[in-house]
Structure formats: structure tokens, C-alpha cells
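Full structure from sequences and hints, please.
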Amino acid sequence: MELNVNGVVHKVDVEPDMPLLWALREVLGLTGTKYGCGVAQCGACSVQLNGELTRSCSIPVSAVAGQKITTVEGISKDTSHAVQKAWVALDIPQCGYCQSGQIMAAVSLLKRVPKPTDADIDAAMTNICRCGTYQRIRDGIHVAAGQKKLADVLKEYATAGVTKA
Amino acid sequence: MTQATKKSAINSSRRQFMVASATAGAGLSLGLSFPFAASAQAVPLKTPDEVNLWVVVKPDDTVVVRIVRSEMGQGTRTGLAQLVAEELDCDWSKVTTQAPTAGQNLARGRAWGAMATGGSRGIRDSQDYVRRGGAAARMMLLQAAADQWKVPVAELKVSKAVITHSSGKKTTYGKVADAAAKLTPPDPKTIVLKKPQQWTIAGTSVPRLDTANKVNGSKVFSIDLRLPGMLCAAVKSCPVFGGKLVSFDESKIKSMRGIKGVVKVDDSTVAVVADTWWRAKNALENLPIDWDLGANAKASSTTIAAHLKEGLTAEGDFWQRKVGDAPAAIKSAAKQVTAEYFAPFVAHATMEPMNCVVKIGGGKAQAWVPTQNAEASIAALSEASGLKLDQCDVQTMDLGGGLGRRGGTQDFLHQAVAVAKQFPDTPIKLVWSREEDMTHDFYRPIAMAKMSAGLDEKGKLVALHARVSGQSINAWLAPTAIKNNKDVRQLQGWYEEPGDAQLGYTVPNLLTEYVMRNTHVPVGPWRGVNTNQNGIFMECFIEECARAGGRDSLEFRREMMQNHPKHLAVLNAVAEKGNWGKPLPPGIHRGIAQFMGYGSYSAATAEVSVSASGQVKVHRMVFALNSGHHVNPSQVKAQIEGSVVMALSSTFNEEITIENGAVKEQNYNTYLLGKMKDTPKVECVLVPTHDFWGGVGEPTICVVGPALLNAISAATGKQYRELPLRKHGLTLA
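Heads up: the protein sequence lines correspond to chains G and S, in order.
Okay, so the first sequence: first residue is 456 according to the working numbering, each after it adds one.
Okay, so the second sequence: first residue is 601 according to the working numbering, each after it adds one.
Treat the hints as calculated values from the structure; they're not laboratory data.
There could be a bad hint or two in this list.
Below, a sample of chain S positions facing chain G; criterion: calculated Cβ distance under 7 Å [as the list claims (entries may be wrong)]: (1) K854; (2) T876; (3) E952; (4) S1234; (5) M1246; (6) V1285.
Every residue gets a Cβ at the ideal spot worked out from N, C-alpha and C, and that includes glycine.
So this is what it looks like as C-alpha cells:
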């Protein structure tokens, strides 16, 4: 069967019931997409399938053959997507393990709703982050959407409430 | 500055030994995607450009700082590099880091010090020697320039790696690094560290050094490693702790695609090995296994609760602090207040499940481990493989969350070694399924508390009797730490001694007691450890006392804190920033709490509203933290923000329950973690006093729960004393 991932068509010989996640990670070597739960609860495995956000741990590879799959490795060539730039500028990740999925969810949200409200963000961003980076993810989405100025957010992180030595 | 002198020659035999010890394949560079990989060039330990243990300077002035503490998101790598760079006076934009292996550390006589990363100690326990390392390197680099120019070193200045002589001559660190590396290090007594007021790199919110590859999928966690010839293992341990593996029927799965074998890992664990992990896991789910569940199969959350409950009234010698006669003073007080609290087992549930890679062969054992303690890992590797320490090496992989789970308990590494021994010269990547991870954790210990107090006519607290009945972490993991049958650690946060986890109140009559009630369920440190439940027990009960006496929550606390100025200062700071006593919009109510853990002082306010149907909206939380110093304010705040999410989640949602001896919750669909929609706006006030070094990763977690509970109590007029709150119909809106 053929898998079209990030614009490249791969011929793969795998069991039809292998979840897309494992075909990506263990057959194609695209390890940016993460295993977190295997039951579509945490979102660490999020990819785009024909442009729609999809949890790849719970969809068999046979169901996506030939369709357009985009992983975190494929959202930009040089880490230049507005979401990636905001994530770097605000140092959003802590351990980073869930962030591929968070970024895929944020990219999808902004494609659908270019200027999301906090309520839009609450509804769309259901991925789990055990480090608890949600507040900064929210800021990152607002920065990527052009609704908050990067400098203002950075200033708040760096200096608000800080007593000088 | 002391005159540094040229060594006659670098100890060549020592260098040979280091080179040899490094041929275990250990690449020094963390930047390598696949450290240890066969293709990776072995780097000798004492590199020519190594100025000292901590600092390597490249000809282009790039500075490589060696860091041995683990990075699991908490930002320690960046913070330690800031401290070294500060003393070194180098150009921060040219700083990178390397992670020596556990074997390299041992080969150099543990020259880099402890590798353990837990207890919020990553920075506070190593700040002194890493800063000295940076300062010593600066002195050697300046001396090398002085020697070259034949001028006194006192005539030199340095800024951002550029050395300038009073005559105007300039050179850079990169140009004198080779010469500096050949100098004898300065006498430690001559090293003078900068004062925080002089800092320009430390103490500032420089960007983290490890963010870029976390946003494009290129960061390689241990679970992502792909080594030549590697096989993958999925494991299953007996669902009941203490149960045994009786037999399994390999024939049922042998013909499945990619299966390479089935291994009895230990008395209670079986592994399936395959060419990919998904195939191994799939086959394991189809493997018929016969377990001997043992006597523990009779245990349940109900039997465990009864066991703890008995401890609340048991007779015996349980006291840890005794001032005056609290029980008598309570009896004779104008008003008595009593309450019982409960905190359940909770799981770490790190996003990256337990895993590691092990390769054994040719008289060597190598492991790539997401570990909070690479020295515990190498000890486990040696013990399990039967090879000597100098035949073993461990590369610390950045962790997809640690939270206390991956420190001393190297259970998953022991398993991987058992499998790897059956597949010589083959890298084995052993990965736990989420279900295995959820059901075989070392959980935060279950605890109950009986709190009693006496108030005088004015509502002042005159006596406090606090008894905890619950499981002991030390009894499970470190029995020798229990002295005279008293486990001090379980009353963390209520200590008399200053500096670590001191109770911030002076009470005329005080009795604290810990009644050890162990179970068959493994327990271990969970971010904040015992400050989590002890903070809730104490700070919610203090609130109950304030209300019983008709007193303001803040004033009631303040009058007991006059002997504890640092505790009081953070309480005052949070009260001010959190607008304590000022009006709120209708329906919104405030709570406040303060507590101490990990050498730092924390306080919080929470603002909540509660709907008639029990929907709780957390609108805002404000925190004050005195951690002595803050190396990177933005990252300190990130840790506070993270602690809020974890504590909010555990307060409302998280509980591990036991049924027929086994953990009932299997995955995130029944073990509910906090999400974006649950997260309030968090504001921080950092009030460092610069006279001590406290922790950052854990201290604030213990005030989140009590501040929330006290706000909920203010909103509802009801006291919720049993966690998680969802059991009482309270859910996050």
C-alpha cells in the first residue's frame, strides 16, 4: 500500500490494521509524532489527514492509504510556520513530548479560525500536557494569530512580578 | 588572582585511560541525534579545548558547558549553563551544552558531582561548584592571555569572551583556550563569585537552549531511538502487585509477523520481542498468560481505607513534634475544631511512558535512559547485567516528563537488561504501554489526616494536634531512612527545623504524629511529594479554624507567623498582588494558603466561582515565591504555571483506585488529567531574598490545592475534605 506523507509517497508493506502512528514512527522513521495513550485521548499523535486534525494512534493504516497525511515534520521546511515561530519565541515547550501534537492542533485551529477567541482555544486544544504549558500555548496561539504582540507577552514572562536583585 | 602555572605536561596516562573509557562509544555531544550510535565518533573525555570540567571553548569562541543533571522540561540545563556563563563572562549567544555520560563521570572520579535530578535540587545543589567552574575557567583564560602578552593579569578585562588589555590590545577566549587548558587551575580559595546584583546572564530570562527541536519533530527522545539491528520489547507485569508469573503459551503468537521471542523477564513479568514495538505489543495482548495473583488480590480501595482509618485513632508512640500538651489544651479550650481529610494514590502519568534502550555484548553494557539519575541507572545496569561498572555506560536522554518517577526506581531498566541478555549484541528498546505505565507506577502515597484544634475566646489558635495515617515512601524505597520507627519525611512541610520544609506557624501547644499504614501498592516521590497532601491538610484546616473563630484568613495566619519572617513575607506579597480583602465581582470568591517545601517559600490566592450544579471555574491564581535566587525568571514562572496544572488536575480529577488488588484506571480515559480549558490565568510575584538557594520545580505545587479548596469553601460554605473533588460532584467548568 502507499502512504502519502508530507508530499512524499512511500510504498509500505505492513498489516492493514497497524495504526497510522506506528507506520509513521516505526516504518517511515518519522518519530516527531508521539505515542501517548493509544486510545485517542491525549493527542500526542495528532497529524493532519487531508487537512483535518486526526489522532493517528486510532486509525488503521489501511484507512488512509493514498490520502494526504501531514505530520509535524511537514508543516514547514525550516520551522517557519507562524505557530512554530511563536512556540520558539515564547519557549512554550517544557519537556516537549506532547508539543508535536499541540502544534498540529494549533495549526489546524488557526486554519479553521484565523482569529480564535479563548473559548475557541479551549474547545479546540484538548491535547494533554503533563508539564502544564497551557497558559503559554494559549499565548502562543494568540501571538501566531497576530492578536497579541510577541514583545508584550515576552515582557510579561520576563519581568512582571519580578523583584530586582 | 593567583598566578596559574603551566603544567609540565598533561598526564598522558590519565588521558589514555579516559580515551579508553570513552570507547564504549559514548559521544560527548548531546547534540548528536543518536548518542552512542555506531556511526558516532567517540570523543575523548579530556579534549584539548577543555579548559576545565565544565567549560570547553572552541576557536570561534563557542562555549560548550557540560551539564550532568537531567533535563525533563524544568529548564535546569539552561539555568546551569547561565550560571557557568555568568562567571565565565562569555557570549551567551554562543553557548551550547554537552551531557557527559554516567560512565564518564565515574571514570573521572565523579568529578561532575551528583547526576540525580529530583527534589528540586538540579540547580540549588550544584550552583556553587558550577559557578566556581565557570570562574576558574575565566581565570585560566585570562592568565593565558596575560602569559601570551607578558603582562600582569590585573591589567586585563573581559566582556563576552573578548579580553582587553589596558593598552587596548584585544584577543578572545577562542584564541587562548588551548593555552588556558594547559594551565594549572587556580587555588579554589582565590575564586570570588559574583554577587547576584552583578549578574547579566544569570537572573535574566534568556531563551532556553533546548527549544528549537521540540517544535519540528526532530528532537530524539529515548522512545524515538532507532539503532542498527534494534529490536523492540513490550512488557506486561502481573496486574496485582506482588503476584507471580506462572506460565505463558508462546505457541499462540510465535507465527505472528515480526515476532522474535518471548522472554520471562522476572518472577512477575513477561516480554514479547519483535522487529517493531507495535507488533510486540499486539502479540503480547494475544499471549495467553497464567498469573498467580497471590494474597494481595483481596485488597481494594475499601480495605486500604479501613486500614488507614484505623491509624487515625490507634494508640502508640507516633509523635514527631511535641510542644506543650496539645490534647489537653484542646480539651480545655473555649472552642474545639476537628476535621478528617483524605488524599488518594495518584499516578505520575508522564507523557512519555517508561522506556529505555539497552545493548549488551562483547563484555559491555550500554543503555540510553530517560533517567532522573544516570548514576542509579548505571548501578542498575551493572547489577542486572552482572558486568562491572567500568564495563557499563549510560547516556541520559532528555525525559518526556520525570515528576519523580524515573529517579532511584529503575524498574524498566532492569527489565530491559533481562531482555537484552537474551539477545546479545542487539539493541533492545523496551517500551511500556500507557496501560502498563498507569498500572505499575510508584504512586503518590495515600494518606488520611485527623486534625484537631483548640481556640480561645478571641478565636486565637492555642493548640493543634495533627495526625497523619498513611503509606510511607521510605518504607517502600529507602527503609534505612526510617529511624526509631519514625518516618520524618511523611510529615514534610510540618518540620520544626528551618531551611527545608518548615511549618510557618508558632503554636503554643503542638503535637504532630505520623502513623505508618503501608499497603501492597508501590509508592514513590511525585512532584512535591508529601507537601501535596500535608499542605492541604494543614492549610485547609487552618482555614477551618479561622472561620470557626470568625477571623480573617490572612490575619489569623499572620499572627502565628511572627517568628517566621520569610513565610510571612511571601504571604504578604501574595495578599497584596492577589488583592486580598478587596471586593470581587458577584459570585467570585477567594482563598489563600502558604506552605514551605524544597527550601523555598510559597503562597497563593485563588479566585473561583461555583455553579449550582457544582461546576467550578478558576478565574485567577496568584503566586508568591521566595526561592532565594531566580536564575531565569521566565522559567521559574513556567514551573509555577506547570505546578498549577498538575495540582489542579490532582485536586479535582486524579485518583488511582484498587480493585481485586490491581489498579483499576488503565489510561487517560479514566485517569483524567487537566487540560487547556481547566487552566486559570496564573500571575506570579518572585521575591528572592538572595540569602539562600531554594528549589523551584516543586515548591509551589503544595499551595495550589489548599488555595483552591479554601476559595471553594468560601464560595459554597461547605468544606470538602476528600480528594479528588469530582467524587463530590465538583468538576472544572
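Checked hints:
no. : hint  : verdict
1   : K854  : violated, 16 Å
2   : T876  : holds, 4 Å
3   : E952  : holds, 5 Å
4   : S1234 : holds, 4 Å
5   : M1246 : holds, 6 Å
6   : V1285 : holds, 4 Å
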